[in-house]
Amino acid sequence: MIREELDRRLAEVEEKLIGIERTRDNRIYLLCDAENVYSICQFLFDELALRFVISSGVDAEHCFEVLHHFSADACGCVVTVKAFIRDRAAPEIESITPLIPGAEWIEREMHDILGIHFKNHPNLQRLILHDDWPQGVYPLRKEVQL
Amino acid sequence: MSETVRKSVLAVGPFHPLQEEMEFFQLTVDGETVTDINVRLSYNHRGIEKLSETLQFDQIPFLVSRICGICSASHPLAYVQAVEEIAQVEVPERALYVRTIINELERIHSHLLWVGLAGHFIGYDTVFMWAWKYREPVLDLLEEITGNRNNYGNVKVGGCREDVPDELKPKILAELDVIEQKTEMLTKAVLDDPVLHARLKGVGILKKDDAVKFAVTGPTARGSGVDIDVRHDDTYAAYGALDWKVISQPEGDVFAKAVVRLLETFESIKMVREALRKLPKGPVAAEVKEIPPGEGCGHAEAPRGETFHYVRSDGGNRPVRHKVRAPSYVNVPSFKASCIGEHIADVTLTLAAVDPCYSCTERVAVVDGRRQVVHNYASLLQLSREKTARLRKEIGAPEMKLEDL
Amino acid sequence: MNWKMWSLKKSVWVFHVNCGACNNCDIEIVNLLTPKFDVERFGIKLVGSPRHADALLVTGVGTKQAARRLQEVYRQTAKPCVVFCMGACACGTGIFEGAYHVAGPVDEVVKEVDPNAIIAYVPGCPPKPEAMISGVVKALAAI
Amino acid sequence: MITEVATNLFWILIFPGFVFTLAVGLVASWLVRKVSALVQYRVGPPVYQPAVDVTKLMGKEILIPQDAHRAVFVVAPLVGFSGVLLLSTMLWLVGVQITFVGDIIVALYLMVLPSLALILGSSASGSPHATIGAAREMKLVLSYELPLVLAFVVVIIKTAGGLEPGEQLSLVALSQQAPVMSISGLLAFIVALLCVQAKLGFVPFDIAESETEVASGVMIEYSGALLAVWKLMQAMMLVALPLFLVVVFLGGIGISVGGLLGGIGKYLLVVVLVILIKNTNPRVRIDQAMRFFWFYCGGALVAAVILATLGNYYGLAWL
Chain A
1 MIREELDRRL AEVEEKLIGI ERTRDNRIYL LCDAENVYSI CQFLFDELAL RFVISSGVDA
61 EHCFEVLHHF SADACGCVVT VKAFIRDRAA PEIESITPLI PGAEWIEREM HDILGIHFKN
121 HPNLQRLILH DDWPQGVYPL RKEVQL
Chain B
147 MSETVRKSVL AVGPFHPLQE EMEFFQLTVD GETVTDINVR LSYNHRGIEK LSETLQFDQI
207 PFLVSRICGI CSASHPLAYV QAVEEIAQVE VPERALYVRT IINELERIHS HLLWVGLAGH
267 FIGYDTVFMW AWKYREPVLD LLEEITGNRN NYGNVKVGGC REDVPDELKP KILAELDVIE
327 QKTEMLTKAV LDDPVLHARL KGVGILKKDD AVKFAVTGPT ARGSGVDIDV RHDDTYAAYG
387 ALDWKVISQP EGDVFAKAVV RLLETFESIK MVREALRKLP KGPVAAEVKE IPPGEGCGHA
447 EAPRGETFHY VRSDGGNRPV RHKVRAPSYV NVPSFKASCI GEHIADVTLT LAAVDPCYSC
507 TERVAVVDGR RQVVHNYASL LQLSREKTAR LRKEIGAPEM KLEDL
Chain C
552 MNWKMWSLKK SVWVFHVNCG ACNNCDIEIV NLLTPKFDVE RFGIKLVGSP RHADALLVTG
612 VGTKQAARRL QEVYRQTAKP CVVFCMGACA CGTGIFEGAY HVAGPVDEVV KEVDPNAIIA
672 YVPGCPPKPE AMISGVVKAL AAI
Chain D
695 MITEVATNLF WILIFPGFVF TLAVGLVASW LVRKVSALVQ YRVGPPVYQP AVDVTKLMGK
755 EILIPQDAHR AVFVVAPLVG FSGVLLLSTM LWLVGVQITF VGDIIVALYL MVLPSLALIL
815 GSSASGSPHA TIGAAREMKL VLSYELPLVL AFVVVIIKTA GGLEPGEQLS LVALSQQAPV
875 MSISGLLAFI VALLCVQAKL GFVPFDIAES ETEVASGVMI EYSGALLAVW KLMQAMMLVA
935 LPLFLVVVFL GGIGISVGGL LGGIGKYLLV VVLVILIKNT NPRVRIDQAM RFFWFYCGGA
995 LVAAVILATL GNYYGLAWL
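Residue numbers (my numbering), protein chains in the order written: chain A, 1 to 146; chain B, 147 to 551; chain C, 552 to 694; chain D, 695 to 1013.
Chain A with its partners taken away, still in its complex shape:
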């Protein structure tokens, strides 16, 4: 898939997005609300056959951001779906693991270290924090100081 085609196809999901940012030639950020993340990822993964790379959870000032990074290997382009979770007290977002099994670990990890709940995740157990880690403490949140 060449770059022009990717841009054209991305326009198909435009109504679900808040905006599109292009920081460099081959870096595309799709900004959206938490509710739309599953359908956008489904479009990218199933329709455009992009490769899932990883997700990053970010503790931004007024919200949590979940970034699903995809890679369009044919044109070397990284497409990132940036979802905003505005409810800081009980952050929740749709899991994409039922769609992409490779996302299981990273969602468990974000659940561990940021306390984001993933709806419909098949196995949301503790993954990387040790067994005696206190409940309710999320090390990657900004209020936790080293």
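Think of the hints as simulated: they come from the structure by calculation, not from any bench. You may find that some hints are simply not true.
[Said to hold, decoys possible] DSSO-like mimics (lysine-lysine), calculated; alpha carbons at most 27 Å apart, straight line:
| hint | chain 1 | residue 1 | chain 2 | residue 2 |
| --- | --- | --- | --- | --- |
| 1 | C | 689 | B | 315 |
| 2 | B | 416 | B | 328 |
| 3 | B | 279 | C | 561 |
| 4 | C | 689 | C | 560 |
[As the list claims (entries may be wrong)] The following label-pair restraints were derived from C-beta to C-beta distances:
| hint | chain 1 | residue 1 | chain 2 | residue 2 | range |
| --- | --- | --- | --- | --- | --- |
| 5 | D | 776 | B | 323 | 54 to 62 Å |
| 6 | C | 648 | A | 46 | 42 to 50 Å |
| 7 | A | 63 | B | 319 | 51 to 59 Å |
| 8 | B | 319 | D | 958 | 49 to 57 Å |
| 9 | C | 688 | B | 323 | 29 to 37 Å |
| 10 | C | 688 | D | 989 | 49 to 57 Å |
Beta carbons: idealized from backbone N, C-alpha and C, even for Gly.
Dock chains B, C and D against chain A, hints included.
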């Protein structure tokens, strides 16, 4: 994991001389067939992403090179590429070539290391000793260039810290010739050995659509016919200027992954040679004044697959978020697709074929319905080797002669 | 020097414990076995059970999850034994100092079990195989 | 009376019993490690290494696992060790003609003792891995004992012609013959050599405990002096078992200088054969080992028995 399993694992200690990270794999078996697999991480979780938020942009390469000892060139490279993307730095051309040389040397020694371990897993300990012997000169070269056998700490935002001295070129070229010759012998031994064909072919198949679903990268993906390679797709450093090709094999079994790694070693040797020849004159680092607010993604092809770094800056001198993804993080979960339904004699080998940074497989415990450990790493290794021996016999293979290697 | 100490120095069976390392130290330890360094010359041998070991080669920072396992291994080791902290992380948590999942340097973790444990340090990131050999020799000369 | 006791004690404890066998055994186990190292481009350990290893283990703490059956766990190594000690003393004394009728049967029993002790000790340790090892060791014993006994039957048939009826079961009498110089004897010797390989626990029959998967199944829970006793036992088996083959098949060790040198040569030959087999073969699986010993070795020995009987009947020594 239930307490009983834990206890027996602790009591006998799933430790082994070749042990590496502490991941704990729990396999459920039905008779001799694997029906489920579960992994517990955390033994090696050091909180690097949080630490990274407390360090300055220039200090972080030293931290990320300590994520994984074998990928200690590609992690910093991916990181600095992300930061350079934020800061829009123009990296001098010579630095790009130096980065390429270091990364390819790293790939050569990592792949040789894997060959040795794979030999160990199927009971050819002599191959293990020999492959590691041939790997040593590469480490010596890296030490001469960067000052350390591992953890090179050679890249920084805007370029490199150490140059490849011109007077070292003849030595590197000479060593490469020797390594190429030895690798050729190893490759021949692998590709021509009927026992290895029987032992490795059709084992632990990761089908192409599973490879896509589990989003695997590197030789694991290329062994399943997914020909992705960051060096080629989103070309960085000097890879775009070099003549090389992406190696891929469609079969998806352990043999295919071995072939991919061996052939890649030759490509790497070729690339280092060409990069040395084309090495342009000039400085190896550009000055970077400040990192503006913004976000960037950097990825690089480590020996095991794509290393991905996401960095966000708020204009200060520390990142506000730094996400790291090592290749094993997506390659290891693919065991769910490749191990289930396999005979337990093949499990260690299948896990090893992914090269999961490389011997997490030694945390394996096999449990039956009553949650009792029936196999540990040693007995699985045993089963794996027995199968090799049985196949040798069935094929009527001659004894492996030392001079064949 | 009594016979116990003498023989201990001439025949060191080591057991390798990784408690959260980056693999570098671990690979260099395995490297010790291979033809270039071949520590079997000095009677150093890697063994597979802590019960057979005279020295524990500990690498890594001692993450909270791994620390308890290290303590368990230390209890299972037949005394007298020496604990070697291999690499900067094991010696003093190195670059990972203060991270939330780090239980502390290896010596502190071991001393929780046995305050009188004999602990030797081989710094370096990773220590070169030669440094490891020399570290073992020096530590043995000191006891 | 006192001198006789003293002499016997000397024989058992110093020469050629405990001390001497031990010394030879430790050197032999060094040889095994050294040759393996050379194959792998390494230098290998110095000659005194096995001795130092054992000395060191003697000074270490003995840990007994909580789940273990203490008495059996502690006694098992001693049982195995005394078995080998007696066996080796008996074999060396064959040279000086002090023995009793029927001692080959005693020797056969003594040779089983180490394996039995190993099974006992590892089952008593209460570790699941040791239990796997014990089960394998047990199957291995079952597979090689039968061919080993059959091999001796061949020898006894073979030597029947030249010996008094009562003498046929005596090692001294047997040591005067060299049955390996005949077809049936050679067959029996080869099978017995393989059985010895299995008894020593070397590749390809190191199924129960192997150095490469150092978790070493059966011995995993042993430490300190008890582990040292096992190591000593293994070292001494490296002397006793090849020596047994020398005595039974290769014509024994003479008391004269020539006989002594010849004996050492024969011993080294057997040890070198064992090391060669060890270094050129991959490990086999337990059911392969059983099939190998029962069918192939068993078949070869039945043929050997027939050949030997025919040879006796027609007076053809070479059959």
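We went through each hint and held it up to the structure:
For the suggested pair residue 689(C) and residue 315(B), the alpha carbons sit about 37 Å apart, so the restraint of at most 27 Å is broken. Restraint check: the Cα-Cα separation between residue 416(B) and residue 328(B) comes to about 15 Å, which is no more than 27 Å; the hinted pair holds. Restraint check for residue 279(B) and residue 561(C): satisfied, since their Cα atoms lie roughly 26 Å apart, inside the 27 Å limit. Restraint check for residue 689(C) and residue 560(C): the C-alpha separation of about 10 Å stays at or below 27 Å, so the hint holds.
A hinted range of 54 to 62 Å for the beta carbons of residue 776(D) and residue 323(B) is consistent with their spacing of about 60 Å. At roughly 45 Å, the beta-carbon separation of residue 648(C) and residue 46(A) lies within the given 42 to 50 Å, and the hint holds. The hinted range of 51 to 59 Å is satisfied by residue 63(A) and residue 319(B), whose Cβ atoms lie roughly 55 Å apart. Take residue 319(B) and residue 958(D): their Cβ atoms lie about 54 Å apart, and the range 49 to 57 Å holds.
Between residue 688(C) and residue 323(B) the C-beta distance comes to about 36 Å, which sits within the given range of 29 to 37 Å. Taking 49 to 57 Å as the suggested C-beta distance range, the pair residue 688(C) and residue 989(D) conforms, at roughly 53 Å.
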